[in-house]
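Using the numbering used here, the letters of the sequence shown map in sequence onto residues 1 to 210.
Don't take every hint at face value.
What the hints assert, rightly or not - Pairwise CB distance ranges, derived in the manner of DEER restraints:
{"no.": "1", "residue 1": "Gln-52", "residue 2": "Thr-76", "range": "30 to 40 Å"}
{"no.": "2", "residue 1": "Ser-175", "residue 2": "Asn-206", "range": "20 to 30 Å"}
{"no.": "3", "residue 1": "Gly-70", "residue 2": "Thr-110", "range": "35 to 45 Å"}
{"no.": "4", "residue 1": "Glu-63", "residue 2": "Pro-188", "range": "16 to 26 Å"}
{"no.": "5", "residue 1": "Asp-172", "residue 2": "Gln-52", "range": "11 to 21 Å"}
{"no.": "6", "residue 1": "Glu-56", "residue 2": "Thr-153", "range": "30 to 40 Å"}
Bear in mind the hints are in silico, worked out from the structure with no lab data behind them.
Note that CB positions come from ideal geometry on N, CA and C, so glycine has one too.
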Amino acid sequence: MKRVTASIVAGVAAALLAPLPAAGADTGSSSLSGGGSSSLSGNQSELPPYAQWIGEITPVVAEAKTYLAGRLPGATRPAIVFDIDNTTLETTYNTGLIIPAIQPVLGLATWAKQNGAAIIFVTGRPALVNAYSQANLTSVGYPVDALYGSAPTTLSAGNAGLAEYKTASRADIESKGYTIVANIGNSPTDLSGGHAERTFKFPDYNGALN
C-alpha cells in the first residue's frame, strides 16, 4: 500500500492541473474492455498476468452479486464498502493519471447502486487526495456515495494502523444508519475487524498486489 500511495500522491499535482477525460475516453492505459496489453507496475516476477488476475476476480464478483441479489431487497439502508487500489481500479496493472476501472467490479457496483445500495469507498490513500480519487472513480463510471481517506499517520502505523482505520470507518458508516451488507477488498487489512455482514476478498498474491 505504501508503494501505491506514493505513486498516487506523486500524480496529484498533475491531476490538479489537467482536466479529467470523460468516462470511456482514451486515457492511454488499457482496460479489460479495451483488449490491449496492460502496463504492469510493481514487481512483475511476483504477479500473474493481467488476464489471470481478472479471471480470479470474476468468480468472486459473481458470488457477491448472487448474495446481494438475495440480501438487498430486505436490507435497511444497505451499503457496500469497497477498497480502491486493485479492488475497484487497476492501480498496479495500469498506471496513468486516470486509472481504469476493473470492469467486473464496475459492473457489480453499478448494478448494486441501481438496486438500492449506497456505494462507499474506504481507501488507505490519504484523505489529502480524496478529491483526486473521487474524480478518478466517477470519471470511469463508479457511483460514489461517500469516500473515506486515511489520516497522515495511518500508513506509518503499518498494517495494524491501516486495519484499525478501516474498521473505524465502517463503524462510522454504520453510525449514520447504513447496513453494510458487503465489504469488498483485496487485502486482509480491508476486511478484518467486522462491521460488515459479508466480506469478499480479491487476490493479493501474499501481499505482492498491495
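(request) Determine which of the earlier numbered hints do not hold for this structure and return their numbers in increasing order. (result) Failing hints, ascending: 2, 3 and 5.
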